[in-house]
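Chemist: This is what each chain is made of:
There are 2 protein chains.
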Amino acid sequence: MPFAAATADQRFVLDHVVRLDEIAAADRFAAASPDVIEAVLDGVAQFAAGEWAPLLRAGDTIGAKWTPDGVKMPAGFPEAYRAYVEGGWGTIGVDEQWGGQGLPFVVQAAVLETLGTANMAFALCPTLTVGAIEALAHHGSPEQQATYLPRLATGEWTGTMNLTEPQAGSDVGALRTTATPRGDGTFAIKGTKIFISFGDHDLADNIVHLVLARTPDAPAGTRGISLFLVPKVRLDGTPNDVRVVSIEHKMGLHASPTCVLSFGDHDDCRGELIGPEFGGIRAMFTMMNNARLNVGLQGVQSAEAATQAAVAYARDRVQGARDGRAAAIVEHADVRRMLLRMKAQTMAARALVYYACGQVDRATLGDARAKERLEIMTPLAKAHATDIGNEVASLGIQVHGGMGYVEETGAAQFFRDARITPIYEGTNGIQAADLVGRKLGLSNGGAFADLIADMRTEAQAPALVRLIDACEAVGRRLQGANADDRHAASYPFLTMLSVASCGWLMERQARVDGADRVKKVAAAFYLEQVVPEALGLEAAANADASVLYALPAEAF
Amino acid sequence: MPFAAATADQRFVLDHVVRLDEIAAADRFAAASPDVIEAVLDGVAQFAAGEWAPLLRAGDTIGAKWTPDGVKMPAGFPEAYRAYVEGGWGTIGVDEQWGGQGLPFVVQAAVLETLGTANMAFALCPTLTVGAIEALAHHGSPEQQATYLPRLATGEWTGTMNLTEPQAGSDVGALRTTATPRGDGTFAIKGTKIFISFGDHDLADNIVHLVLARTPDAPAGTRGISLFLVPKVRLDGTPNDVRVVSIEHKMGLHASPTCVLSFGDHDDCRGELIGPEFGGIRAMFTMMNNARLNVGLQGVQSAEAATQAAVAYARDRVQGARDGRAAAIVEHADVRRMLLRMKAQTMAARALVYYACGQVDRATLGDARAKERLEIMTPLAKAHATDIGNEVASLGIQVHGGMGYVEETGAAQFFRDARITPIYEGTNGIQAADLVGRKLGLSNGGAFADLIADMRTEAQAPALVRLIDACEAVGRRLQGANADDRHAASYPFLTMLSVASCGWLMERQARVDGADRVKKVAAAFYLEQVVPEALGLEAAANADASVLYALPAEAF
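These protein sequence lines map, in sequence, to chains C and Z. All letters in the first sequence, in the order written, are residues 1 to 556 by my numbering. All letters in the second sequence, in the order written, are residues 1 to 556 by my numbering.
A few of these clues could be false.
Identical copies carry no separate label here, and so any pair may be met within one copy or between two of them.
Pairs of lysine to aspartate or glutamate, DMTMM-like flavour, derived with a Cα cap of 25 Å [as the list claims (entries may be wrong)]:
hint, residue 1, residue 2
1, 190, 450
2, 520, 268
3, 520, 143
4, 65, 96
5, 72, 516
6, 520, 554
7, 520, 544
8, 190, 316
9, 371, 272
10, 520, 485
11, 371, 454
12, 520, 484
13, 520, 265
14, 65, 516
15, 65, 95
16, 65, 35
17, 65, 407
Honestly, the hints are just simulated from the structure, not real lab data. Just so you know, these numbers come straight off a predicted model, no measurement behind them.
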């Protein structure tokens with residue numbers, strides 16, 4: 001399997017989509033000088049190629065294993081993780097006061113992209129640690145921050161997010177795990193959490209579980225949820241009462257152990273409150289919003305990895321003829337259609353996700369408009385980039401033909417690994433609901449109107465202009481629609497607005513002096529062929545819910 | 001995993017899309033009386049539910065195994081296969097002179113659909129036998145027919161198709177297997193074939209391999225190919241020199257052993273010519289065209305099975321609230337959007353494939369127009385129905401949320417199994433090339449013009465009328481275009497024409513007196529939401545190849 005980090009495109013997107021120079025102009029991100037960025041991107045590219053990419057297939061074929069002593073990672077992973085810690089790759093985006101490098105979130109995203117393109121399942125571990133760091137940095141007490149952040153920053157300790165329970169998936173408010181005051185300021189945690197990625201492993205000395213639970217007499221639903229910090233190993237070195245009961249047998253992402261965790265089997269699971277009581281849902285969103293961007297980034301990873309593999313295969317595989325001579329399949333028009341689509345969609349997903357990540361940094365710098373832009377872009381980046389990851393991984397199999405269905409080529413792994421990304425961190429349907437439910441109405445619709453206005457200022461391609469107009473009309477209609485009608489249209493609308501955003505950012509890149517030929521051709525393909533497809537969703541986005549509720553549930 | 005054959009919809013489609021009464025009015029198909037059809041559909045439904053559906057998961061988790069003594073199927077499969085033979089389910093579509101029931105091809109398709117919805121990998125075995133029967137019935141000598149057809153008809157012996165070699169996949173003409181006259185009228189076969197589905201197994205006493213090979217001094221390319229019959233066990237009971245070297249480790253379809261077969265390792269592999277020397281490619285197309293319809297039918301199987309599982313899960317899984325009360329997820333609008341799309345797409349695929357299968361029977365009855373219609377519909381049925389199978393299986397996972405990614409629910413199996421169908425029997429890209437290369441030009445474009453005219457006569461929904469117009473315009477343009485431009489547009493055009501065909505047939509069904517509410521709602525959804533999406537492909541279908549060739553191969 002070939003692997004090379006997409007550093008050239010990363011840098012181009014940072015320069016011309018994110019406009020990193022504007023962010024680096026602030027004191028807060030003064031560290032992000034062009035030479036530092038270059039060193040970081042090139043360094044992680046080399047590290048990922050040398051240490052993580054070689055473990056890709058073993059991660060899939062061997063996978064993480066549950067044992068009575070906890071989860072064991074495949075051979076090579078602990079060493080490769082240590083190399084990651086020693087290389088300082090975990091510290092990129094962490095504030096300098098906690099031992100981090102203080103670089104922008106978007107630079108950390110680029111680092112995670114490269115790690116995940118090399119080995120997506122493995123990179124999920126640092127990705128989750130980033131979420132835990134965010135939560136503690138925003139909501140932890142000074143003591144908690146001083147105790148946990150330095151070691152989470154290096155990756156010596158890793159983090160998890162414990163939300164889901166068997167009866168509480170998309171409906172987080174239905175969770176039942178309890179947290180009872182122990183009288184010493186700590187809480188006794190009791191309950192079972194499922195789908196906990198890297199909930200146990202042998203990569204690090206400790207795991208910092210962030211756990212949503214209910215205190216006694218808490219109100220029902222999401223308002224009664226608090227966030228707790230539950231270390232696997234207590235600070236005094238004794239094991240906490242947290243047990244990994246099993247790991248899931250999944251279609252892919254085998255190197256990421258998806259754990260069932262049991263807290264407090266022996267009534268001795270100790271946790272500390274993070275932030276105020278009942279502040280759990282707010283803290284969760286701090287973790288989750290940035291985690292959503294990082295899952296969108298996994299869409300970029302799947303797409304980039306699948307594209308590299310398919311291009312290599314298509315250049316190599318001779319089949320049929322062109323101009324009377326035996327030809328590699330890359331010469332055939334329909335294979336080129338697939339490959340160019342893969343490249344264009346990968347670039348589009350990267351532009352969309354990086355753009356949103358850049359808004360995190362702008363918001364950190366106090367830009368209120370960027371904060372709103374981030375809110376509206378987060379569901380698009382999560383859902384659409386993961387949809388792209390899946391589409392591109394499927395095209396990658398198709399380019400390989402029969403060999404794509406045989407596991408040894410690796411094309412199937414990208415496809416299997418990618419399929420979880422539209423599901424976790426809020427299903428893409430939940431993202432669409434978030435877009436039409438909360439985000440369209442932000443600032444009385446001002447956030448949406450601003451986005452449309454910004455796109456319209458730059459857009460030139462006729463189909464893109466039409467799509468922006470269509471998005472505006474649909475969005476305005478949905479702002480006044482009832483909940484069923486809004487939700488009925490939510491997914492087609494999310495796709496339309498995502499493609500419009502991608503088209504806007506692709507066109508912007510193609511206009512740059514010095515944009516290379518691949519970028520210009522990919523942008524042309526995107527604007528001329530992908531954007532018009534999204535216009536085909538207008539009818540669905542304008543339909544009300546009546547057809548969906550024309551049948552009783554039993555008739556399905 | 002729930003399973004119930006879709007007999008009600010099958011019957012409805014046979015009545016109103018296929019118009020089976022017209023076919024059964026001919027003496028040749030007099031056996032196809034309404035009560036016989038009902039007995040067949042209900043009978044195979046009961047058989048599949050009782051005998052084949054229960055083996056679905058073992059087929060996936062255990063799978064077919066290679067051993068030094070040949071391929072062993074998982075426990076239960078040999079018995080379930082014997083029950084299939086004893087039930088006479090293999091004989092449905094075979095001519096009465098060979099012990100068959102002489103029912104129409106489309107009725108056999110309905111039987112295969114039910115078997116494959118219960119267990120797609122298993123049903124591939126009878127599907128391949130059907131292809132061997134077709135080839136022998138059309139091209140075999142009377143002796144060959146008398147010897148092989150009765151036992152292939154019952155399924156006591158099974159059939160295979162041996163086309164692919166490592167260097168000869170989509171480019172069949174590149175094959176190198178040799179057939180040298182042995183002086184006694186038979187040929188010594190020598191070569192290696194790959195991707196041979198059910199190339200070995202322990203279900204039947206013998207396997208009849210149909211093998212494409214080159215005689216000495218044969219011309220290069222497809223013109224020099226002949227078809228040979230190579231039994232696993234010779235008629236005298238001695239083993240032939242055919243060896244299964246390995247089976248593939250595939251992403252899915254684990255109960256279908258995909259074999260590497262070595263013919264003539266000991267220079268003692270004996271085969272007999274079927275049809276004339278160099279008649280191989282013609283005979284192959286006899287097998288392959290109907291096999292393509294049967295692969296399209298696998299798209300229906302994937303879609304039907306995935307839909308049933310998703311509907312059952314969505315009715316059962318309580319999450320969130322509606323109207324202030326806890327609700328099963330089937331009540332949520334975006335879940336309904338997914339489920340209704342799954343149902344509508346499944347019905348559309350069934351209508352498309354059955355319609356094409358009905359043309360096989362009309363052509364058998366001497367209807368020349370039906371023969372042309374069949375030719376133009378075959379690539380649509382194969383490619384678009386398998387694309388639907390994949391889309392619906394993916395939606396099935398999404399409806400299951402995180403549980404869809406866990407193998408135990410079975411949703412992932414449908415998704416993994418389905419992924420081969422756009423690849424084998426000619427990749428969907430090859431189907432698109434066939435559509436724009438050969439089929440658009442049939443009878444100087446008359447076959448295409450007839451299809452457009454038939455659709456236009458019935459179509460009423462505004463978006464459908466627009467789509468038919470768009471298809472006509474694109475098709476006419478492509479008839480005069482150069483090869484690169486034709487191929488560049490081939491896939492979007494194939495999808496547009498397929499959706500137009502499905503829309504036409506869905507609308508026809510919705511108009512029927514007595515169409516049930518599910519059909520009417522599914523048709524409305526299809527016409528109002530799916531058809532407009534295909535209009536979004538018009539820009540791609542009207543683009544020439546220039547953007548695809550704007551980059552050199554090395555730039556990808």
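Chemist: Each hint: holds or not?
Modeler: Hints, one by one, checked against the model:
1. 190 - 450: For residue 190 and residue 450, the Cα distance exceeds 25 Å both inside one copy (46 Å) and across copies (70 Å).
2. 520 - 268: So residue 520 and residue 268 fail the 25 Å test inside a copy (60 Å) and across (59 Å) alike.
3. 520 - 143: So residue 520 and residue 143 fail the 25 Å test inside a copy (51 Å) and across (64 Å) alike.
4. 65 - 96: neither (36 Å within a copy, 57 Å between copies)
5. 72 - 516: neither (45 Å within a copy, 55 Å between copies)
6. 520 - 554: between (51 Å within a copy, 16 Å between copies)
7. 520 - 544: between (38 Å within a copy, 17 Å between copies)
8. 190 - 316: neither (56 Å within a copy, 27 Å between copies)
9. 371 - 272: neither (30 Å within a copy, 75 Å between copies)
10. 520 - 485: between (39 Å within a copy, 20 Å between copies)
11. 371 - 454: Cα proximity of residue 371 and residue 454: one copy only (15 Å, versus 55 Å across).
12. 520 - 484: Only across copies: residue 520 and residue 484 sit 21 Å apart there, 41 Å inside one copy, limit 25 Å.
13. 520 - 265: The answer is neither: 59 Å in one copy and 54 Å across copies each exceed 25 Å.
14. 65 - 516: neither (45 Å within a copy, 50 Å between copies)
15. 65 - 95: The answer is neither: 34 Å in one copy and 55 Å across copies each exceed 25 Å.
16. 65 - 35: Neither way: residue 65 and residue 35 sit 41 Å apart in one copy and 56 Å across, limit 25 Å.
17. 65 - 407: both (20 Å within a copy, 16 Å between copies)
Hint compliance for this structure: hints 1, 2, 3, 4, 5, 8, 9, 13, 14, 15 and 16 are broken, all remaining hints hold.
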